[in-house]
Amino acid sequence: MSMHRIYRSIPAALLLILSLTAPARATQLAEREMLPNGMVILHTARHSVPMVSVVMAIKAGSISEPPAKAGLAYLTAALLNEGTQQRTSREISEAIEFVGGSLSASAGDDYTTASLTVLKKDIELGFNLLSDIVLHPAFREEEIARKKRITMNWLIQQQEDPGAVASIDFARAVYGDHPYGRQVQGTVDSIPTITRQDLIDFHGSYFAPNNTIVSVVGDISREELKLLLGKYFGNWQEKKIPELVLPDIAPKQAPSVIKVDKDLTQTNIILGHLGMSRMNPDYYAVIVMNYILGGGGFASRLVDNIRDNRGLAYDVHSYFDVNRFSGSFQAVLQTKNESANTAIAEVITEMKRMRAEKVSDRELSDAQSYLTGSFPLRIDSNSKIAGFNLAVEYYGLGLDYIDRYPSIINAVTKEDILRVARKYLDPANYVLVVVGNLAKADLQY
Amino acid sequence: MKTICVIPVLCILLFAATAFSLPVNEYLLDNGLKVLILEDHKAPTATFQVWYRVGSRDEKSGKTGLSHLLEHMMFKGTKEHGPKTFSQAIQRAGGMDNAFTSRDYTGYFELLASDRISMPIGLEADRMQNLVLTRDAVLSERDVVTEERRLRTEDDPQSFVFEEVMAATFKNHPYRRPVIGWMSDLRALNPQDLAEHYRAYYAPNNAVIIVVGDVDQKQIMEKIRTSFGSIPAGPPIPAMTSVEDEQKGERRVYVKKEAELPYIMIAYKVPNIVHEDGFALDVLGNILSDGKSSRLYRALVYDQQIALSAWASYEGLYKDPFVFLAGATAAQGKKIEDVERSLLDEIEKIKDTPPDGQEVQRAKNQVEASFVMQQDSIYMQARTLGSFEMTVGWKFVDTYLDGIRKVTADDVRRVARKNLIDEMKTTGILIPLPKEKGL
Numbered sequence: 005m006s007m008h009r010i011y012r013s014i015p016a017a018l019l020l021i022l023s024l025t026a027p028a029r030a031t032q033l034a035e036r037e038m039l040p041n042g043m044v045i046l047h048t049a050r051h052s053v054p055m056v057s058v059v060m061a062i063k064a065g066s067i068s069e070p071p072a073k074a075g076l077a078y079l080t081a082a083l084l085n086e087g088t089q090q091r092t093s094r095e096i097s098e099a100i101e102f103v104g105g106s107l108s109a110s111a112g113d114d115y116t117t118a119s120l121t122v123l124k125k126d127i128e129l130g131f132n133l134l135s136d137i138v139l140h141p142a143f144r145e146e147e148i149a150r151k152k153r154i155t156m157n158w159l160i161q162q163q164e165d166p167g168a169v170a171s172i173d174f175a176r177a178v179y180g181d182h183p184y185g186r187q188v189q190g191t192v193d194s195i196p197t198i199t200r201q202d203l204i205d206f207h208g209s210y211f212a213p214n215n216t217i218v219s220v221v222g223d224i225s226r227e228e229l230k231l232l233l234g235k236y237f238g239n240w241q242e243k244k245i246p247e248l249v250l251p252d253i254a255p256k257q258a259p260s261v262i263k264v265d266k267d268l269t270q271t272n273i274i275l276g277h278l279g280m281s282r283m284n285p286d287y288y289a290v291i292v293m294n295y296i297l298g299g300g301g302f303a304s305r306l307v308d309n310i311r312d313n314r315g316l317a318y319d320v321h322s323y324f325d326v327n328r329f330s331g332s333f334q335a336v337l338q339t340k341n342e343s344a345n346t347a348i349a350e351v352i353t354e355m356k357r358m359r360a361e362k363v364s365d366r367e368l369s370d371a372q373s374y375l376t377g378s379f380p381l382r383i384d385s386n387s388k389i390a391g392f393n394l395a396v397e398y399y400g401l402g403l404d405y406i407d408r409y410p411s412i413i414n415a416v417t418k419e420d421i422l423r424v425a426r427k428y429l430d431p432a433n434y435v436l437v438v439v440g441n442l443a444k445a446d447l448q449y
Numbered sequence: 411m412k413t414i415c416v417i418p419v420l421c422i423l424l425f426a427a428t429a430f431s432l433p434v435n436e437y438l439l440d441n442g443l444k445v446l447i448l449e450d451h452k453a454p455t456a457t458f459q460v461w462y463r464v465g466s467r468d469e470k471s472g473k474t475g476l477s478h479l480l481e482h483m484m485f486k487g488t489k490e491h492g493p494k495t496f497s498q499a500i501q502r503a504g505g506m507d508n509a510f511t512s513r514d515y516t517g518y519f520e521l522l523a524s525d526r527i528s529m530p531i532g533l534e535a536d537r538m539q540n541l542v543l544t545r546d547a548v549l550s551e552r553d554v555v556t557e558e559r560r561l562r563t564e565d566d567p568q569s570f571v572f573e574e575v576m577a578a579t580f581k582n583h584p585y586r587r588p589v590i591g592w593m594s595d596l597r598a599l600n601p602q603d604l605a606e607h608y609r610a611y612y613a614p615n616n617a618v619i620i621v622v623g624d625v626d627q628k629q630i631m632e633k634i635r636t637s638f639g640s641i642p643a644g645p646p647i648p649a650m651t652s653v654e655d656e657q658k659g660e661r662r663v664y665v666k667k668e669a670e671l672p673y674i675m676i677a678y679k680v681p682n683i684v685h686e687d688g689f690a691l692d693v694l695g696n697i698l699s700d701g702k703s704s705r706l707y708r709a710l711v712y713d714q715q716i717a718l719s720a721w722a723s724y725e726g727l728y729k730d731p732f733v734f735l736a737g738a739t740a741a742q743g744k745k746i747e748d749v750e751r752s753l754l755d756e757i758e759k760i761k762d763t764p765p766d767g768q769e770v771q772r773a774k775n776q777v778e779a780s781f782v783m784q785q786d787s788i789y790m791q792a793r794t795l796g797s798f799e800m801t802v803g804w805k806f807v808d809t810y811l812d813g814i815r816k817v818t819a820d821d822v823r824r825v826a827r828k829n830l831i832d833e834m835k836t837t838g839i840l841i842p843l844p845k846e847k848g849l
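Residue numbers (this note's numbering), protein chains in the order written: chain A, 5 to 449; chain B, 411 to 849.
Bound conformation, chain B alone (with noise of 0.2 angstroms):
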């Protein structure tokens, strides 16, 4: 539980190749707070959901992974309600509930049969107010926030290139951060660190909360009036001002870690969805990457065979500008040096020659499957929803599919001759160190 997203290639499925059309209602209530209500009436079930915006984008140095060990601390109890009982409660209900942190912003799910979706309302107001902060809480589960970095990058030599790359591609945005947080910073944060961030970004006016799913929303609305409406507007949100500053020419980091194969990551800083590049650049990533028929697939693994697997993302649903990034696992016995060759060369050819019209249409044409397909989930809906408001709106969303739709093959071109360049690139390569003798 509590799991954020620091894997990108998950992520990537989660955003590269979302979009719609649907008929969301937006209410705005007097201390700020922003409902988005879609009724999706195919299935008995419901998704309740509150979005902070905090990330680790708007932590400091030294105190990174406050925002994702806050968001541990929000199950831990409230004035009212004793520790251990916010998931034990909608357990009961037989409802699921989880959460997840990233760099732009901080999601509190339940999912439940429609007719307990009210249930965890009361409850989500009331840990946007009184969450309680006891020292020994703090502590203990500060160590547990440890275990999950320890497995999900300690151990994970690819996560922990992905990591790498990140604080060397970025030099003083804070997305050079993980959203985990530095192992050492995890160990100092303590219960005052926790109770300012707390009351600086948990208030109304910095929240949204969306419901997607079999509810009668005229109810629901009511419902959350009553419990969310008397909490008071907060004080302004400290605004983060930092600017990336413009690189100068490409940067190069070294893992070397016991792993098996050697891994290679490669990320251009690039501009975000809004921007006039956003929609080629995702139908880029898309070319390259999704599907076996996509060219970094065919290529590195099924032509060439020096790569297990080949990918590249266009990750641009975030706030401030971020990467495209492409990447590659090496066959047994494939030097990386040939690796990274060849997922050069493709990148190169899109820059010389514009891909085909047939490559751009099925580009197109997976995006918009994809938007018709995740309707049969009223979790995904509510994710995108929520991944849009987060950084650039949700109205983007019809702007999107939109824009998709509109890209040409010179579009696609022009974009990748434009952003992917050395003087925006910073490579990571895993050299796997061969194992230490066992006992």
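The shape of chain A in the complex, shown without the other chains (with noise of 0.2 angstroms):
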């Protein structure tokens, strides 16, 4: 598959979902039940590996946060593992770095993640310091200060790589105020603003059992895990969650290009528009469509025309980044400055050929095998479940999500991805983003 390069901050679970998903086989993968402080815990036991995956997913993100406060969601994330009431920052990596797991936390756009993974020998202590890092963050004012100055420091650098430059100035023309059109990460300017007391309130307000998803796979019983859910989480209070409030998104009415001049051999370019919400149910028809427009790797449109036919890109793709509240449609490719206007006129016509005439029949069955036929890729290690059934959860896909899936996929028609092109492919009212030498680009655009 050609490389998957996405700069804004999904979870790295739930993208696995996002991008291809396919079940096939009639097995509930996961046990759902909800404890009584209304934490859901979704739980799969595998006891082939000694090891043990889980991943906690609390419904707070940067669409939790004040515009004001960007960076908010993320610094709240970044500073659980850097001390809790008990433990220092170093205790903390010591003790989980000690015995060879891991355990880290990280905001995204619509929900935070903290996830361990551990051998199912130090299962004990990977629970105990997960729950400590949740639970009881200490926000020391030292530690708040440094993982300031490391995410401003890791903005700016980020500078350096044209991709996500692009990739950053799309969102933010995309979506406007919008919480998804800024950086997980905040601003320069923002960071400096965000204080002890604000990481303490967000951390008050959305870190609560009834605003999280517990998965958990790998070498554990239900019994055992029911115990160690009561020991380190029973105690955890039930809270009113603050109710979420969203500007709207206006679609363009005209093509919008955004031109950042820098000194390199390649023109970075993203073009694309608003897309969908995951809860879209014409999500399957769009996934099927854009499997044949620049989603299915060598077995795509763009992919033959750009890469194949022409030699003009190394990594060229299309994709629907589906978000709880909104998302994106972007096509995306590199080219050397001297080629950009021939290989964004290409993506254009590509994107109108889609809205102008039916895919073939073969293309047709081949997205639909790919998408079906592919499934037990997708849930074959403890990660890929663990992430799995987060994102069934997460989305309310149900628990027969996987026997339901290739009837879904194979029910989609040509008339079907017909409608979807024109609904959610606008090849006139684009964001184009270049990235790039302008000079030697000279662009039409």
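Possibly wrong hints are sitting among the right ones.
Claimed, not checked - Stretch by stretch, here's where chain A covers chain B in the computed footprint (C-beta under 8 angstroms, at least three residues):
1. 602–608
2. 815–822
To be verified - Simulated pairs of lysine-lysine, DSSO-like, Cα-Cα distance not exceeding 27 angstroms:
3. K774(B) <-> K124(A)
4. K152(A) <-> K452(B)
5. K444(A) <-> K667(B)
6. K152(A) <-> K702(B)
7. K125(A) <-> K452(B)
8. K816(B) <-> K125(A)
9. K702(B) <-> K125(A)
10. K816(B) <-> K152(A)
As the list claims (entries may be wrong) - To give a feel for the contact side, a few chain B residues facing chain A, derived at Cβ under 7 angstroms:
11. T495
12. L521
13. P646
14. Q714
15. L718
I should point out that these hints are in silico values taken from the structure, not numbers from a laboratory. The beta carbon of each residue, even a glycine, is placed where N, CA and C say it ideally should be.
Reconstruct the complex from the two isolated chains, following the hints.
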């Protein structure tokens, strides 16, 4: 598959599902249970390797923070394992690293994850640490200052990555004031304004069992898991979660072009527009359509045209970046500055062709057989299953999702594809971002 | 697709902390083709891989990038199967395929539901012997690879430094050359070069098949014999005879390029993993670099706050002696000279005082845990098996884990004193140039 380069901070677990879901066997993968405090548990026992993976998703991300405090959700998550009331940052890292485990936390647009992977023999230590960092972070001033500095440096260094620069500018142009329009990490201006009290308040408001999904996969029985959850999360109290208020996003009425001049040999191009929410019923027809357009690697039209036939790019792909509340469509490529105009023209041509005529029988059946037939590969490891279970719960897909998926995909028709192409691809009112040597690119857009 | 491992940090994660002791079965066909099969039935999936013992190490001056371009061409069709069909056939079966080229080897893999795993066998056998290299296809794919080079190296300041450091570290050994090739070489590669390279190195006696996953080895061996057994062995494989000359003093290179933060990368020439220093060098890399409790993170990032990131890695899984790397990205406003001094201070500390027992034990625990955890992925198991087989032989995997367990704190100090010395050192520094005025 050509590289997927996605810079907006979508938790990796979710990406798996968003980009390529596809079940095909009649088994219920996980057992689901809601604890008395409202925490939802998903459990898949797999005893083949003596290890356990845990992913906790707390439904608070950059969408939950005030615009002036951009980066608050990110900083809150990043500070979780930098000290608790009982442990220093150093004690946490030494404890988990001594047993060869991993413990991390990060915030995305829609939610925050805290992840643990340990050998079976260290599961007690692992839950102890996980519960400590999620429930009792200390937010010490010196750690806050340190993490702010690292984050701001990271934002500066990110400017060295032309793909990241393009992606950031694209999101800002498409989403405007909506939280999806800003970087989860915040900005060099917003980060300094975040105070210790902001962090305590954010954690206090959103980190609650009734706002949390826990996905556990590995060498652990249901009974063992229940004991650990009771011991380490049993006293976590339910609370009322603030309601989310999000601004509307208006689709563009004309093309808008953003140009960034850098001394580069390639022009990095993103062409796209608003997309769709994961909850949209057209989602499935859209992923089949996009597989044919630019999501299907060497089976896609964009690769065939721009890479295979013209030799213009190494990586060219398109995808629908779906979130809980909205999403975007993006066609992404990099080409030598001199061929930027041609490559952009071909992307637009392929979008138009998708809207003008039905796909062939072969294209449709190939897309369907890939999407359904590749399902076993999506759930063949602990970490993949943990992410899958989490997405099924978060998007309310239902535990029978695996059984339903093939028939949903196989029900998509050529007419559906034409309909969703016309509805969700807009080759006229796009946002085009180009980052490259503009003198050499000599853009006609 | 058709990716290569040029970013050192990523490669390191793959190799630095891997080991296993698994029920691998080895078969040898009459034509010299080796087959390694590891049955693993925890999920109904499997991977089929063909690895060739050829990489940029086998290339000549003026022809760099040949192995990697040939890797791309392997997806362009054979006499029987036309262009553009390989990956499409795999995807139609719900599978994924890709390939990678390194200094020492080139590998091709497919991942599929296990009931379809025999599907790529015939296709792989076909492209081992019947590749079609048309002029148009070669020229077009050459353009694709130049785009790949722009993406990975030309426009990525830290990758660019890595390439410069390697070119300065090695004087006469082909490890000095980038896997993807120099731009001017790429532009001049022609179908004839590729055909010769293909004929010289793509033969059963220079290949290893690796199968990991939910397979029945008797059944799959039968299919492998049917498809590959009749391919005649090729002529003897050309030997690469270059041996790196002794270095007589530190080398330094500077890269001035549009960038945001200064960066330093230090390479020490060191022996590979089969050498008596190998295991202790691996533990040393771990103590310096693995996690937030490691020395470089603790000193440069956490305590002194002069770096955004700091790391080290022993690159021991190579055919010939390669490098021990250390590097750091300066924090904004910090001088790269100070970052360099701090980095070297940490190395000097280990040469001075052996690490404490806790640190050595942590490194060993991390290696052992990652050995267990990688068994969660059939792909990772196959990659590890293959990269050992291509460099030091797959059986060394067992020796490896045992060797790591025996390393002592004194060993770590000894190998640091012996190997991390100025005479073996090449330092590369990125000096960011201010942005030119925008339009």
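The hints, checked one at a time:
1. Residues of the region 602–608 of chain B with a Cβ under 8 angstroms from some Cβ of chain A number 0, which does not satisfy the need for three, so the listed coverage is violated.
2. Under the rule that three or more residues need a Cβ within less than 8 angstroms of chain A, the assignment of the region 815–822 of chain B is violated, with 0 such residues.
3. Pair hint K774(B) plus K124(A) holds up; C-alpha atoms about 17 angstroms apart against a cutoff of 27 angstroms.
4. Restraint check for K152(A) and K452(B): not satisfied, since their Cα atoms lie roughly 43 angstroms apart, outside the 27 angstroms limit.
5. As the CA atoms of K444(A) and K667(B) are separated by approximately 18 angstroms, the hinted pair is consistent with the 27 angstroms bound.
6. Annotation: proposed proximity of K152(A) to K702(B) holds, straight-line Cα distance about 17 angstroms (limit 27 angstroms).
7. Distance restraint check for K125(A) and K452(B): the Cα-Cα separation of roughly 20 angstroms lies within the 27 angstroms cut-off, and the hinted pair is therefore satisfied.
8. The suggested pairing of K816(B) with K125(A) holds, with an alpha-carbon distance near 22 angstroms, which does not exceed 27 angstroms.
9. For the given pair, K702(B) sits about 22 angstroms from K125(A) by alpha-carbon distance, which is consistent with the 27 angstroms threshold.
10. Between K816(B) and K152(A) the alpha-carbon distance is near 41 angstroms, which puts this suggested pair outside the 27 angstroms criterion.
11. Annotation: T495(B) was flagged as interfacial toward chain A, and the flag is violated, the nearest CB pair being 10 angstroms apart, outside 7 angstroms.
12. Interface restraint check: L521(B) against chain A, minimum CB-CB distance 6 angstroms, threshold 7 angstroms, status holds.
13. A hinted interface residue such as P646(B) counts as satisfied when its beta carbon comes closer than 7 angstroms to some beta carbon of chain A; here the least separation is about 35 angstroms, so the hint is violated.
14. The interface hint given for Q714(B) is broken, as the beta carbon of that residue sits about 11 angstroms from the closest beta carbon of chain A, more than 7 angstroms.
15. Taking 7 angstroms as the C-beta cut-off, the interface hint given for L718(B) holds, the closest approach to chain A being about 4 angstroms.
Violation of the numbered hints given earlier is confined to hints 1, 2, 4, 10, 11, 13 and 14; the remaining hints are satisfied by the structure.
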